[in-house]
Amino acid sequence: MTYSSFLQSEFLILWRRKQDVLNALLFFILVVALFPIGVDPSPAFLAPAAGGIIWCAAVLSILMAIEGAFKEDYLDGSLEQLVTSGLSLPLLMLLKVLALWGCVVVPLLLIMPLLSEMLFLPSTVFWVLILTLLLGSPSLFFIGLIGSALTVSLRQGSMLMMLLILPFYFPVIIFATSAVHAAQAGLSYSGSLAMLLAMSLLSLVVSPVMTAIAVKASVN
Amino acid sequence: MQSSASLTISDLWIERGERDLCRGLSFDVRPGEVLRILGGNGTGKSSLLKAIVDVITPIEGTIYYLGKNVTQCRDVLIESTLYIGHAVGVKRLLSVEENLRWYCPDVSSDELNSALEHLGLWPFRDTLVTSLSAGQTKRVALARLWLSEKTLWLLDEPFSSLDAKGCTILENRIQQHVSLGGLVVLTTHQDLRLVSARDVVLLS
Amino acid sequence: MRWVWFHKLGSPKWFFFQSKSWVLPLLGLGSIGLIVGLVWGLAFAPADYQQGDTFRIIYIHVPAAMLAQSCYFALGAAGFVYLVWQMKMAPIFIKAIAPIGAVMALIALVTGAIWGKPTWGTWWIWDARLTSVLVLFFLYMGIIALQSAFDDVMLANKATAVVCVVGLINLPIIKYSVVWWNTLHQGATFSLAEKPAMSAEMWLPLLVSVVGFYLFIAGLVLWRMQSEILQREHRSSWVKKEVMDRGL
Amino acid sequence: MAFDTFPAFLIMGKHGVYVWSAYGFSMLAIAVLTWNTFAHHRKVRNTLMKRYRMDQIR
Chain A
1 MTYSSFLQSE FLILWRRKQD VLNALLFFIL VVALFPIGVD PSPAFLAPAA
51 GGIIWCAAVL SILMAIEGAF KEDYLDGSLE QLVTSGLSLP LLMLLKVLAL
101 WGCVVVPLLL IMPLLSEMLF LPSTVFWVLI LTLLLGSPSL FFIGLIGSAL
151 TVSLRQGSML MMLLILPFYF PVIIFATSAV HAAQAGLSYS GSLAMLLAMS
201 LLSLVVSPVM TAIAVKASVN
Chain B
1 MQSSASLTIS DLWIERGERD LCRGLSFDVR PGEVLRILGG NGTGKSSLLK
51 AIVDVITPIE GTIYYLGKNV TQCRDVLIES TLYIGHAVGV KRLLSVEENL
101 RWYCPDVSSD ELNSALEHLG LWPFRDTLVT SLSAGQTKRV ALARLWLSEK
151 TLWLLDEPFS SLDAKGCTIL ENRIQQHVSL GGLVVLTTHQ DLRLVSARDV
201 VLLS
Chain C
1 MRWVWFHKLG SPKWFFFQSK SWVLPLLGLG SIGLIVGLVW GLAFAPADYQ
51 QGDTFRIIYI HVPAAMLAQS CYFALGAAGF VYLVWQMKMA PIFIKAIAPI
101 GAVMALIALV TGAIWGKPTW GTWWIWDARL TSVLVLFFLY MGIIALQSAF
151 DDVMLANKAT AVVCVVGLIN LPIIKYSVVW WNTLHQGATF SLAEKPAMSA
201 EMWLPLLVSV VGFYLFIAGL VLWRMQSEIL QREHRSSWVK KEVMDRGL
Chain D
1 MAFDTFPAFL IMGKHGVYVW SAYGFSMLAI AVLTWNTFAH HRKVRNTLMK
51 RYRMDQIR
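Chains as they are written, first to last, in the numbering used here: chain A, 1 to 220; chain B, 1 to 204; chain C, 1 to 248; chain D, 1 to 58.
Simulated from the structure, these hints should not be mistaken for lab results.
Predicted model only: the values in this text are computed from it and were never measured.
Don't take every hint at face value.
[To be verified] Restricting the straight-line Cα-Cα distance to at most 27 Å, the calculated cross-link-like pairs of lysine-lysine (DSSO-like) are:
| hint | chain 1 | residue 1 | chain 2 | residue 2 |
| --- | --- | --- | --- | --- |
| 1 | C | 240 | C | 13 |
| 2 | B | 150 | A | 216 |
| 3 | D | 43 | C | 240 |
| 4 | C | 20 | D | 43 |
| 5 | C | 13 | C | 241 |
| 6 | C | 13 | D | 43 |
| 7 | C | 175 | C | 117 |
| 8 | B | 68 | A | 216 |
| 9 | C | 240 | C | 20 |
| 10 | C | 88 | D | 50 |
| 11 | D | 14 | C | 117 |
| 12 | B | 150 | B | 165 |
| 13 | D | 50 | C | 241 |
| 14 | C | 88 | C | 240 |
| 15 | C | 240 | D | 50 |
| 16 | C | 13 | D | 50 |
| 17 | C | 13 | C | 88 |
| 18 | B | 68 | B | 150 |
| 19 | C | 20 | C | 241 |
| 20 | A | 71 | A | 216 |
| 21 | D | 50 | C | 20 |
| 22 | C | 88 | A | 216 |
| 23 | C | 241 | D | 43 |
| 24 | A | 71 | A | 18 |
| 25 | C | 88 | D | 43 |
| 26 | C | 88 | C | 241 |
| 27 | C | 88 | C | 20 |
[Said to hold, decoys possible] Rough simulated footprint, nothing fancy, chain A against chain C, three-plus residues with beta-carbon under 8 Å:
| hint | stretch |
| --- | --- |
| 28 | 147-160 |
| 29 | 169-176 |
Where is the CB? At the ideal position from N, CA and C, for every residue including glycine.
From just these sequences and the hints, can you work out the full model?
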């Protein structure tokens, strides 16, 4: 096994499981649609809340996508093969996150124009929202993958994984939505974006190592 | 392949949950030798293999490979080891050929094709593993034995779900490997017909 | 030579017999401190000129909130020690302290809410302090749930240690983000426990009560660790001797 | 003493309900925690003792 063959097969499998990604997207749109239906469909409510609604829905659907990231590999024994491949496990985990991130976030960004129209998000703020997603979502994936690796050997692990991981998502949601809010109010939002980037970089350093430890513990 | 390779396990102690699986277990495998690990269910045969490749951390014990103590740093050992566990590590959503490319990306197509033909997988090379039978899936995993040039083979129940023909093919391959100076450690309940093996029995 | 204590600390047997005689004194001293501090605060400290007698909740709210945080730092440190040195005592410590931290966070939350009612007019307010304690409470619950989800002890140890370390790294970020979010949303609210220049009559009982809380909790942690050590080491001969000698 | 009479101490200028419920809850929580610690320790010792006795008989 080499790093490139690993990455290639990851992409191939994600491509063959495109239905899962599609489901996550549909779930995302449905959650967003809950707010106008459940709370208030008027632009007066939706426009200021749009950033928050989109982010909360995005976090939930990303969690759904991450939750099963290791399940198949664990059951068919390929996780064991990764551990005994002689390649660096943290690096493999990093590649896995990158592949997953690309396959989930790109479609998410593609339907963003539609959703921002549905929620009356001002077009000037749209690009700020896209930026927050680009800068903030890597850290969601990095942190989430730790939880996914930890609970992979449990039969009912998904609920536990969400309970475990969601608190760590609070800062990302806070900074992302506040950047959108600041942009809407015409204030400077670069500070929040910088924080998002910093969190993504920090989790980039910490998460592969922790995920590797979790994977090694799970396969035994 | 290193023809002078040797693996020595001394005083190994593995624990699983609350139970001791083996304590004070010692054995060695010399080049050209097949070691068969016997023992009833739950005596720790699989765990022993996993402990050698560092998937399980033993409580005590030393592992020597090529005469060097590799207990702390298994890199040398893992580099020349081919491990096929109970779950064989074949991805369901990849085709047979893609699975082998995933594991051994560097082999030429000729080698790949001849291995597939040898194992009777040639007609299925583009089929997704999901739609193969258990025995065929096992064959896909075992195809690695033809494609990679590792010295030490650790095989957990390699004969399970193989038919008689498959067993013969596999035994021949094992025989060929050890005659070139390779090491094989395997767990099985089955009698080996073509290969002469030394037995290590684990007691509960 | 300097690291001998560290290695000894890693030995459950050594720890068990060392800590055995500490439990009762710690619990005793702790409860004395608690009673003195609380009675002093309840009955003898002067009422606050702004909040009146409600402010007496501080003597229980602040120690609990402090402990909830300290326990989390201790968890993170123990997780780190376990991941790096595989020290056997670390997971035992984590197991013992996690529920205590959760209870402390719960006390801080409930007393904070009760304090909020007469002060702000509502039971709950998305105050930075309350929100971050709420997150802390969730983190504790997650760790406890994770720990009890595994049958395999080694796996449970590793998994909780990983979460503790990740949590420790994230805790400052969570706190900072919540404070920042809070000021963004509602401007500077009146915050609990941040009284400008408390008089000595007010903070002395607080000090006593904080010390009392810490001692008492330390005793509890040691006690819980003792049960955990006995359970985990039940196959060794010294545990058998210890249990059989004590009788039922 | 910050209060003149005992009823005043209990009522605390109409804040008594809050103060006493906060203290009550906290004390209850700590008591439960302590009891749980004690009970668990006793349970561990008892189970272990039973197990050792069983082993001796066998």
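For each hint, the structure was consulted:
1. The straight-line distance between the Cα atoms of residue 240 of chain C and residue 13 of chain C is roughly 12 Å, inside the 27 Å bound, and the hint therefore holds.
2. As the CA atoms of residue 150 of chain B and residue 216 of chain A are separated by approximately 23 Å, the hinted pair is consistent with the 27 Å bound.
3. A distance of roughly 15 Å separates the Cα atoms of residue 43 of chain D and residue 240 of chain C; the hinted pair therefore holds under the 27 Å criterion.
4. For the suggested pair residue 20 of chain C and residue 43 of chain D, the alpha carbons sit about 17 Å apart, so the restraint of at most 27 Å is met.
5. Distance restraint check for residue 13 of chain C and residue 241 of chain C: the Cα-Cα separation of roughly 12 Å lies within the 27 Å cut-off, and the hinted pair is therefore satisfied.
6. Restraint check for residue 13 of chain C and residue 43 of chain D: the C-alpha separation of about 20 Å stays at or below 27 Å, so the hint holds.
7. Restraint check: the Cα-Cα separation between residue 175 of chain C and residue 117 of chain C comes to about 24 Å, which is no more than 27 Å; the hinted pair holds.
8. In summary, the hint linking residue 68 of chain B to residue 216 of chain A is supported, as the alpha carbons are separated by about 24 Å, within the 27 Å threshold.
9. The hinted pair formed by residue 240 of chain C and residue 20 of chain C meets the criterion: a straight-line CA distance of about 16 Å does not exceed 27 Å.
10. Distance restraint check for residue 88 of chain C and residue 50 of chain D: the Cα-Cα separation of roughly 26 Å lies within the 27 Å cut-off, and the hinted pair is therefore satisfied.
11. Taken as a hint, the residue 14 of chain D and residue 117 of chain C pair is honoured in the structure, with Cα atoms around 13 Å apart against an allowance of 27 Å.
12. With a CA separation close to 24 Å, the supplied pair residue 150 of chain B and residue 165 of chain B stays within the 27 Å bound.
13. Taken as a hint, the residue 50 of chain D and residue 241 of chain C pair is honoured in the structure, with Cα atoms around 13 Å apart against an allowance of 27 Å.
14. This hinted pair checks out: residue 88 of chain C and residue 240 of chain C have alpha carbons roughly 19 Å apart, not beyond 27 Å.
15. Under the criterion of a C-alpha separation no larger than 27 Å, the hint pairing residue 240 of chain C with residue 50 of chain D is consistent with the structure, at around 11 Å.
16. Of the pairs offered as hints, the one joining residue 13 of chain C and residue 50 of chain D holds, with about 21 Å between alpha carbons and a cut-off of 27 Å not exceeded.
17. Note on residue 13 of chain C and residue 88 of chain C: the hinted pairing holds, with a Cα-Cα distance of about 11 Å set against a maximum of 27 Å.
18. Between residue 68 of chain B and residue 150 of chain B the CA atoms are separated by roughly 18 Å; this keeps the pair inside 27 Å, and the hint holds.
19. Of the pairs offered as hints, the one joining residue 20 of chain C and residue 241 of chain C holds, with about 15 Å between alpha carbons and a cut-off of 27 Å not exceeded.
20. A distance of roughly 14 Å separates the Cα atoms of residue 71 of chain A and residue 216 of chain A; the hinted pair therefore holds under the 27 Å criterion.
21. About 22 Å separates the Cα atoms of residue 50 of chain D and residue 20 of chain C, which keeps this hinted pair within 27 Å; it holds.
22. Of the supplied pair hints, the one linking residue 88 of chain C and residue 216 of chain A holds, its CA atoms being roughly 18 Å apart against a limit of 27 Å.
23. A distance of roughly 17 Å separates the Cα atoms of residue 241 of chain C and residue 43 of chain D; the hinted pair therefore holds under the 27 Å criterion.
24. Simply put, residue 71 of chain A and residue 18 of chain A have alpha-carbon atoms about 16 Å apart, close enough for the 27 Å limit, and the pair holds.
25. Distance check on the hinted pair: residue 88 of chain C and residue 43 of chain D sit about 23 Å apart at the alpha-carbon level, within 27 Å; holds.
26. The suggested pairing of residue 88 of chain C with residue 241 of chain C holds, with an alpha-carbon distance near 21 Å, which does not exceed 27 Å.
27. Taking the CA atoms of residue 88 of chain C and residue 20 of chain C, the gap is about 18 Å. The hint holds against a cut of 27 Å.
28. Residues of the stretch 147-160 of chain C lying with their CB closer than 8 Å to a CB of chain A number 7, which satisfies the three-residue condition for coverage.
29. A stretch counts as covered by a chain when three or more of its residues have a beta carbon under 8 Å from one of that chain; for the stretch 169-176 of chain C and chain A the count is 5, and the coverage holds.
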